[in-house]
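Listed below, chain by chain, are the residues.
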Amino acid sequence: MDAATRLNPVRFPLWTLLVCAIAGAVYSSPPLQALLIYDRAAIGDGELWRVVTGNLVHHSASHFVYDVVPFLIAGTLMEIQQLRYSAALYLASAVLIGAALYLGKPEIIVFGGLSGVVTAAVMFLCLHGLDETGAWRWLCLAVLVCLVTKTGAEMALGSSFLFTTEPQNFVPVPESHVVGAAAALLLFLRTKRTARHHLVTRRHGTPGASTRS
Amino acid sequence: MRNTVSVRRRHHFVSLLLVCLAISGCATGTTRNATSIVDYLYPNTRDPVVTPSIPVLTLPTRVGIAFVPGGVRAQQVGTFSAARAFRGAQEGTLTEAKRMTVMQEVSNHFKKYPFVKDIEIIPSAYLTPRGGFANLDQIRTMYGLDVIALVSFDQTQFTDEGALSLAYWTIIGAYVVKGEKNDTHTMLDAVVYDIPSRKMLFRAPGTSHIKGSATLVNLSEQLRKDGETGFNEATKQMITNLDQQLVAFRERVKERPAEYTVVRTQSYRGGGALDGFMLALLAVLGGGYLWMRQRG
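So the protein sequences, as listed, match chains A and P. Using our numbering, read the first sequence as starting at 9 and increasing by one per residue. Using our numbering, read the second sequence as starting at 16 and increasing by one per residue.
Chain A with its partners taken away, still in its complex shape:
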């Protein structure tokens, strides 16, 4: 973490709080859940918004807490560090997760949960952390290794790595975490390319924005 970042005023985590607020509102309103949940049959009938909004629906109180609290932490860290593309990351990962489930997991009829987006946020945060200096960089590297190991183990086991919540009324879908991580990696590579492009144009005299706003 460079000195400039540390001295920057903390930015309000608008997008993260907005997503948390929507997830909370959806959880407290069953009609909204019915309208927004990933329902394979309804998506097939043309209700395409469910591909994205399914990520905002949770099946139980513990499911909600275990998804939204990590999202709040990861999203807030991302936004207060003034990383750009938070909203784009949330949207892109949600779309990719929904689409991947629709195409690759036909046995899942109903899906809900923000964990794939959380994985995307943590991955994106840690990948950017690798560009930093000092202890923050090593911490991000350690978390990244843990995250990749955990996701790999989940895929191998076909279940959650350490699923410590009480018995749930659904099956965990670790594929959503893999897709979330892939979405973060793609966006990270894209932002790096954009940053490199801006650097080149700035060297030639044209001012451009960096990856931090």
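Since the hints were derived computationally from the structure, they do not count as laboratory data. Please note that the accuracy of each hint is not assured.
[Stated by the list, open to error] Dumping the calculated DSBU-like pairs for lysine-lysine here, alpha-carbon to alpha-carbon at most 35 Å:
| hint | chain 1 | residue 1 | chain 2 | residue 2 |
| --- | --- | --- | --- | --- |
| 1 | A | Lys113 | P | Lys240 |
| 2 | A | Lys113 | P | Lys251 |
| 3 | A | Lys113 | P | Lys226 |
| 4 | P | Lys113 | P | Lys132 |
| 5 | P | Lys113 | A | Lys113 |
[Unchecked claim] To spell it out: a stretch of chain A is covered by chain P in this simulated footprint if at least three of its residues, at any positions, have a beta carbon under 8 Å from a beta carbon of chain P; those stretches are:
| hint | stretch |
| --- | --- |
| 6 | 33-43 |
| 7 | 73-79 |
| 8 | 138-147 |
| 9 | 150-162 |
| 10 | 180-190 |
For glycine and all other residues, C-beta sits at the position ideal for the given N, C-alpha and C.
Chain A is already provided as a structure; the job is to place chain P on it using the hints.
Showing chain P alone in chain A's frame:
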């Protein structure tokens, strides 16, 4: 004398009647091959009345598909010119191999639905003619099915002059169609039942009408071809109708929850879930960030 005249007139009248009947007998050549779901499910009742209970649909479900055992209603009417037509029609009867092909086609189409776990194609040998629900219970135990689609067929080929009519006897009643010379009428009817509750969930027919183009020379061959084409066309239409009826049934289940109980098994419902490990990772990350920020 008067009596003799009267008896002669009567004889003439009876002879005339017999001649008329004989002529019409030559002209009414009809071959009909049919299986009936009503005969199969309700063999001993004139007015089938079964009180179904509320079906419990466990999703995803295992579905069976079978042709109702047949042959009992196959009939041939007429002589003379229709004789060749009979042979042709018999060759065109739905053989076991063809039945399997039709069922495979239906199965391939419906396997894509996520609420369908498996589709078991049940050979005709496993179904006893007039077996009723007792036979279905045996099949249910044997294959572990919840729901079964029973397919019946009715194919009629007319080889006479003039208009005739025939009635397809379906699970919901008779369906009357007009017949003309060398026409081939085919009807496939799929009825989907929840076996434990005896409840009919939905049905979908597929019909085909092939206008007769055969001549006396190629009558037998043409009728056989028409028979095959009729089954193919009816199968396609039945699949389309099954799709539509399935959509309508899903709506009905949503609208009338008192009439259908839907149980979703866990594998049906997925969730993106995190765990304590992830929470711990993020706590370390967040704590580390705050610590470093405070240290400046």
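Exercise. So which hints don't hold here, by number, going up?
Worked result: 1, 3, 6
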